[in-house]
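Participant: Here is what each chain is made of, one letter per residue.
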Amino acid sequence: MATLPGDTIEARIAELEIPFNRYGVDAYGASKAHMRWMFGLFGLLYRHYFSVKVIGIDRVPARGRAMLVGNHSGGIALDAAMVIAACFFEKNPPRLAQSMVEKFINKIPFASLWAGRGGQFTGLPEHAVRLLEDDRLLLVFPEGARGTAKLFTERHSLVDFGTGFVRLALKTKSPIIPFGFLGGGEAMPTVANAYSLGQLLGVPYIPITPYGLPIPLPAMMQVRFGEPLTFAGDGTEDDEVIVGYVDEVKRSIASLIAEGRAPQPALLNSGAPR
Amino acid sequence: MKVLIVGVSSAIAQLVVDQLLSAGHEVEGIDRRDWKKAPIAVHALDIRKRAAEDVFRKMRPDAVVHMGTVTSLVMPGEERYRINLGGTRTVFEHCRAYDVAHCIFVGRHTYYGAASDSPLFHTEDEPPMALSSFPELADLVAADLYAGSALWRFPELHTTVLRLCYSLGPSGHGTLGTFLRGARIPTLLGFDPLFQFMHEYDAASAIVRSLERRVRGVFNVVGPEPIPLSIIVRETGRRTLPLPEFVFAMALGRFGLPKLPEGALGHIKYPVVADGSAFARATGFEARFDVAQAMSEYRIAFPPPSSS
Numbered sequence: 001m002a003t004l005p006g007d008t009i010e011a012r013i014a015e016l017e018i019p020f021n022r023y024g025v026d027a028y029g030a031s032k033a034h035m036r037w038m039f040g041l042f043g044l045l046y047r048h049y050f051s052v053k054v055i056g057i058d059r060v061p062a063r064g065r066a067m068l069v070g071n072h073s074g075g076i077a078l079d080a081a082m083v084i085a086a087c088f089f090e091k092n093p094p095r096l097a098q099s100m101v102e103k104f105i106n107k108i109p110f111a112s113l114w115a116g117r118g119g120q121f122t123g124l125p126e127h128a129v130r131l132l133e134d135d136r137l138l139l140v141f142p143e144g145a146r147g148t149a150k151l152f153t154e155r156h157s158l159v160d161f162g163t164g165f166v167r168l169a170l171k172t173k174s175p176i177i178p179f180g181f182l183g184g185g186e187a188m189p190t191v192a193n194a195y196s197l198g199q200l201l202g203v204p205y206i207p208i209t210p211y212g213l214p215i216p217l218p219a220m221m222q223v224r225f226g227e228p229l230t231f232a233g234d235g236t237e238d239d240e241v242i243v244g245y246v247d248e249v250k251r252s253i254a255s256l257i258a259e260g261r262a263p264q265p266a267l268l269n270s271g272a273p274r
Numbered sequence: 001m002k003v004l005i006v007g008v009s010s011a012i013a014q015l016v017v018d019q020l021l022s023a024g025h026e027v028e029g030i031d032r033r034d035w036k037k038a039p040i041a042v043h044a045l046d047i048r049k050r051a052a053e054d055v056f057r058k059m060r061p062d063a064v065v066h067m068g069t070v071t072s073l074v075m076p077g078e079e080r081y082r083i084n085l086g087g088t089r090t091v092f093e094h095c096r097a098y099d100v101a102h103c104i105f106v107g108r109h110t111y112y113g114a115a116s117d118s119p120l121f122h123t124e125d126e127p128p129m130a131l132s133s134f135p136e137l138a139d140l141v142a143a144d145l146y147a148g149s150a151l152w153r154f155p156e157l158h159t160t161v162l163r164l165c166y167s168l169g170p171s172g173h174g175t176l177g178t179f180l181r182g183a184r185i186p187t188l189l190g191f192d193p194l195f196q197f198m199h200e201y202d203a204a205s206a207i208v209r210s211l212e213r214r215v216r217g218v219f220n221v222v223g224p225e226p227i228p229l230s231i232i233v234r235e236t237g238r239r240t241l242p243l244p245e246f247v248f249a250m251a252l253g254r255f256g257l258p259k260l261p262e263g264a265l266g267h268i269k270y271p272v273v274a275d276g277s278a279f280a281r282a283t284g285f286e287a288r289f290d291v292a293q294a295m296s297e298y299r300i301a302f303p304p305p306s307s308s
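Residue numbers (the working numbering), protein chains in the order written: chain A, 1 to 274; chain B, 1 to 308.
For the record, the hints were derived by calculation from the structure and aren't laboratory data.
Where hints are given, some of them may not hold.
For the chain B half of the interface with chain A, some residues (derived, Cβ under 10 angstroms), not all of them [what the hints assert, rightly or not]:
(1) 118
(2) 120
(3) 124
(4) 186
(5) 188
(6) 192
(7) 227
(8) 228
(9) 245
(10) 269
(11) 283
(12) 286
(13) 290
Where a beta carbon is used, it is the ideal one built from N, C-alpha and C, also for glycine.
Turn these sequences into a full structure, and let the hints guide you.
Facilitator: Okay, here's the thing in structure tokens:
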């Protein structure tokens with residue numbers, strides 16, 4: 001893990017290839033000042049609370065447009081936070097992964113503000129296209145909210161993928177970097193989801209854990225990036241073609257999850273997610 | 001070129017007049033409001049009244065700039081509807097009747113609406129999305145769409161629909177300038193939307209540029225990149241007064257706050273940001289002033305009340 005002298009959050013933010021204006025804000029509202037706080041918190045979680053192992057970070061392009069596509073793992077968006085942290089703390093120079101967040105986030109005070117200032121925007125095709133055309137690094141979870149709703153027993157499974165991300169990748173000529181995320185289910189062992197309570201609070205559901213509260217445990221996590229995938233086309237292909245590409249991405253992610261679950265010498269007897 | 005400006009007494013229209021006169025154009029205006037020491041003939045008329053038609057008949061303008069819509073939500077809805085939609089319709093009817101070659105409708109970027117699920121950087125082909133939560137915008141949206149329909153209904157009339165973002169500058173006029181007038185600016189706790197504005201001089205220049213380049217179509221007109229509301233408040237020397245949404249909603253119409261519909265709160269909760277690249281490509285328009293200059297000039301002209 002990169003802990004070089006002078007490896008401060010501020011210095012890494014300065015290395016991001018993002019055109020911040022004189023107020024430290026980019027055209028989308030991502031803010032240096034807010035990112036300092038965000039990565040301070042993510043860094044604590046990433047380095048000290050969870051133990052996150054990252055494999056294949058070099059497969060994430062150093063610059064230019066790309067789409068990180070992976071599975072959801074854990075009842076809340078810890079997976080997104082740790083992938084964003086991995087791209088920020090492990091890549092040199094760092095990159096800001098910009099996730100496509102659920103629409104309900106924008107309605108919630110402070111969550112809306114911090115998501116936007118942290119460079120995380122509502123999952124709209126318009127945002128995805130614009131960010132990719134600006135050569136940003138997009139983070140996509142094609143399982144959507146159904147993915148975070150997976151129970152502990154389903155933690156290594158994949159639910160249905162949406163197909164829009166492949167069309168966007170084709171339209172913008174962006175490579176897809178698949179990743180498998182493990183350990184979110186152990187951190188947030190969801191035994192049930194309280195949908196009615198969630199609706200009352202303006203969120204899709206509240207994950208219920210054996211200890212009641214949706215508070216993550218200090219589990220080990222893995223992010224395994226796979227080889228970049230590029231497909232032929234311009235995004236106007238028939239559904240059958242697109243579904244074929246989506247299946248290929250899904251198979252790649254499933255195989256990365258399987259690799260992560262396989263016994264590995266370095267991880268044996270270390271409590272790695274199984 | 002003979003140019004008639006409807007709604008000529010507004011701050012931006014006056015700047016348009018200055019720039020047109022400097023460029024050697026002949027300009028007249030129509031407005032119910034007074035413009036003292038106007039450098040042009042201003043006809044104190046309601047555009048919907050018979051006498052306004054006489055101005056068209058006598059002047060025979062080559063181009064008409066329609067800036068006579070109102071945004072004040074304090075005005076009763078029915079009256080606003082009559083002015084905005086009825087006035088726009090009348091302008092286009094007169095343009096056709098008196099062989100005007102070019103008509104520019106100056107609308108607003110708030111056409112797109114502020115909603116939690118609307119994208120940043122609206123393009124001109126996007127429909128208005130927030131009418132269900134903010135029906136009071138309907139008259140401005142209707143006027144914009146009516147003007148846009150002239151593009152196919154009256155092909156002989158060169159039509160330009162401009163959706164201008166907020167303006168800010170030393171006149172202090174406009175929605176944003178008025179909103180920022182006090183020392184403490186009420187905001188919604190937990191929200192800090194991006195705001196898009198341009199210096200009022202640039203807003204006027206964009207209108208003049210549309211006239212000179214005779215662009216046809218619907219265009220967003222924006223300045224430099226958007227910035228968060230909190231920065232605008234800070235840079236204009238004000239302080240925010242963050243209020244929980246339910247408190248803000250209850251306070252509307254009390255404690256010196258205007259009595260606005262609740263839907264108006266969406267505009268300080270969610271961003272309305274438009275993509276101005278099509279206009280820049282069509283006209284070569286570039287803002288002369290950056291946001292810092294616009295905010296600084298506003299701050300000098302309107303220092304925060306406590307320090308004045």
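Participant: Evaluate each hint against the coordinates.
Facilitator: Verification of the supplied hints:
For residue 118 (chain B), the shortest C-beta to C-beta distance to chain A is roughly 8 angstroms, which falls under 10 angstroms, so the interface hint holds. At its closest, the beta carbon of residue 120 (chain B) sits 6 angstroms from a beta carbon of chain A; the interface hint therefore holds under the 10 angstroms criterion. Violation of the interface hint for residue 124 (chain B) is found here, the shortest Cβ-Cβ separation to chain A being roughly 13 angstroms, above the 10 angstroms cut-off. A hinted interface residue such as residue 186 (chain B) counts as satisfied when its beta carbon comes closer than 10 angstroms to some beta carbon of chain A; here the least separation is about 15 angstroms, so the hint is violated.
At its closest, the beta carbon of residue 188 (chain B) sits 7 angstroms from a beta carbon of chain A; the interface hint therefore holds under the 10 angstroms criterion. Given hint, residue 192 (chain B) at the interface with chain A, holds; its Cβ is 5 angstroms from that chain's nearest Cβ, closer than 10 angstroms. Satisfaction of the interface hint for residue 227 (chain B) is found here, the shortest Cβ-Cβ separation to chain A being roughly 6 angstroms, below the 10 angstroms cut-off. Annotation: interface hint on residue 228 (chain B) holds; nearest CB of chain A at approximately 6 angstroms, less than 10 angstroms.
For residue 245 (chain B), the suggested interface contact is upheld, since its CB lies about 7 angstroms from the closest CB of chain A, less than 10 angstroms. Taking 10 angstroms as the C-beta cut-off, the interface hint given for residue 269 (chain B) holds, the closest approach to chain A being about 8 angstroms. Proximity of residue 283 (chain B) to chain A is violated relative to the hint, the smallest CB-CB distance being about 21 angstroms (cut-off 10 angstroms). This hint is violated: residue 286 (chain B) has a C-beta 16 angstroms from the nearest C-beta of chain A, more than the 10 angstroms allowed.
Taking 10 angstroms as the C-beta cut-off, the interface hint given for residue 290 (chain B) holds, the closest approach to chain A being about 9 angstroms.
Hint check: violations occur at hints 3, 4, 11 and 12; the rest are consistent with the structure.
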